[in-house]
Amino acid sequence: MDLLLNDILYLSKEEINNSKIEFNMQAGSGGQPFLDRWLKHSERDKANGTCKDCSYWGWYGKQRNFYPGQWVFSFARMPEDEWLLISAAQIIDTPANDWADVQVLDRFIPLFGRLIIKCKKGNTFSRYVFNLSKYLDQAIVREVLPCVYSGEKFEGYDRVHLPYHRLSDIFNGRILPTYYEALKKITGVYCLTDTHTGKLYIGSATGEEGVAQRWGNYLDSKHGGNKKLIALYEQKGAEYFEKYFTYTLLEYFGLSYDTVKIIEREQYWKRCFDTIKNGYNDN
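Counted the way our numbering counts, the sequence shown spans residues 89 to 371.
There may be inaccurate statements among the hints.
DSS-like cross-link-like pairs, simulated, lysine-lysine; straight-line CA separation at most 30 Å [claimed, not checked]:
hint: 1; residue 1: Lys140; residue 2: Lys206
hint: 2; residue 1: Lys331; residue 2: Lys241
hint: 3; residue 1: Lys324; residue 2: Lys365
hint: 4; residue 1: Lys349; residue 2: Lys365
hint: 5; residue 1: Lys208; residue 2: Lys140
hint: 6; residue 1: Lys272; residue 2: Lys222
hint: 7; residue 1: Lys273; residue 2: Lys310
hint: 8; residue 1: Lys365; residue 2: Lys316
hint: 9; residue 1: Lys349; residue 2: Lys324
hint: 10; residue 1: Lys273; residue 2: Lys315
It should be emphasised that the hints constitute simulated quantities derived from the structure, not laboratory data.
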């Protein structure tokens, strides 16, 4: 059974009757998509629903879009009839030919940048503001993201190359929510690069939770239990790894792939890059 928008918003009949929904697509004919505009704002403004030039334009020609006291739920268009909730607020005033003055509705802040609905706007030409009741039973909740939408997505296992801080943000759920899950689904051979010295470490991930499990070990300890990396950690400290190390997937396999063959590929890459003599591998 589909989860509908009001199953998440929990609006009363009185609140519904007092509410508008705003489908923000682009700034004028051929203009910048509002989602792109929203993405350029600070993380603080996105999380708090205060990206002023993305929501609540007060007028449609000479006609008001809103009146003081009304609630407005503001969505930005994503691909394939999907919409991201970017703000919800009460209208305070609608100055002529300007963005409305609003008061953000705090109870909905946890959903800003995270709630995605599926809804067909329909053939409404350039209209983008409607009574919420018109769409409330049509809008299906597709997802509530674990973190504020970043515009980025997992691009494939052949493009996994991450500096330490991005790897940490992914594992802590701050960005790219699909990335961590993708890394749990594969085993593989990987390369750690010390961008300060150019030295490499080649390793393999064969645990039950794949590459995610192994790279999580590096986030926790920095050195992952590797002899030369332990020595580097004792000499330079955690900040060195956080500043200079990157994590790259060289080859990937299914979770059930033969561990012996993965180790063989690990040894192959060690020979290719001569990492026992000139890198951080010790065997």
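Status of each hint after checking the structure:
no.	hint	in the structure
1	Lys140 / Lys206	holds, 24 Å
2	Lys331 / Lys241	holds, 24 Å
3	Lys324 / Lys365	holds, 21 Å
4	Lys349 / Lys365	holds, 23 Å
5	Lys208 / Lys140	holds, 25 Å
6	Lys272 / Lys222	violated, 41 Å
7	Lys273 / Lys310	holds, 22 Å
8	Lys365 / Lys316	holds, 12 Å
9	Lys349 / Lys324	violated, 34 Å
10	Lys273 / Lys315	holds, 27 Å
Going through the hint list in order, the structure does not satisfy hints 6, 9.
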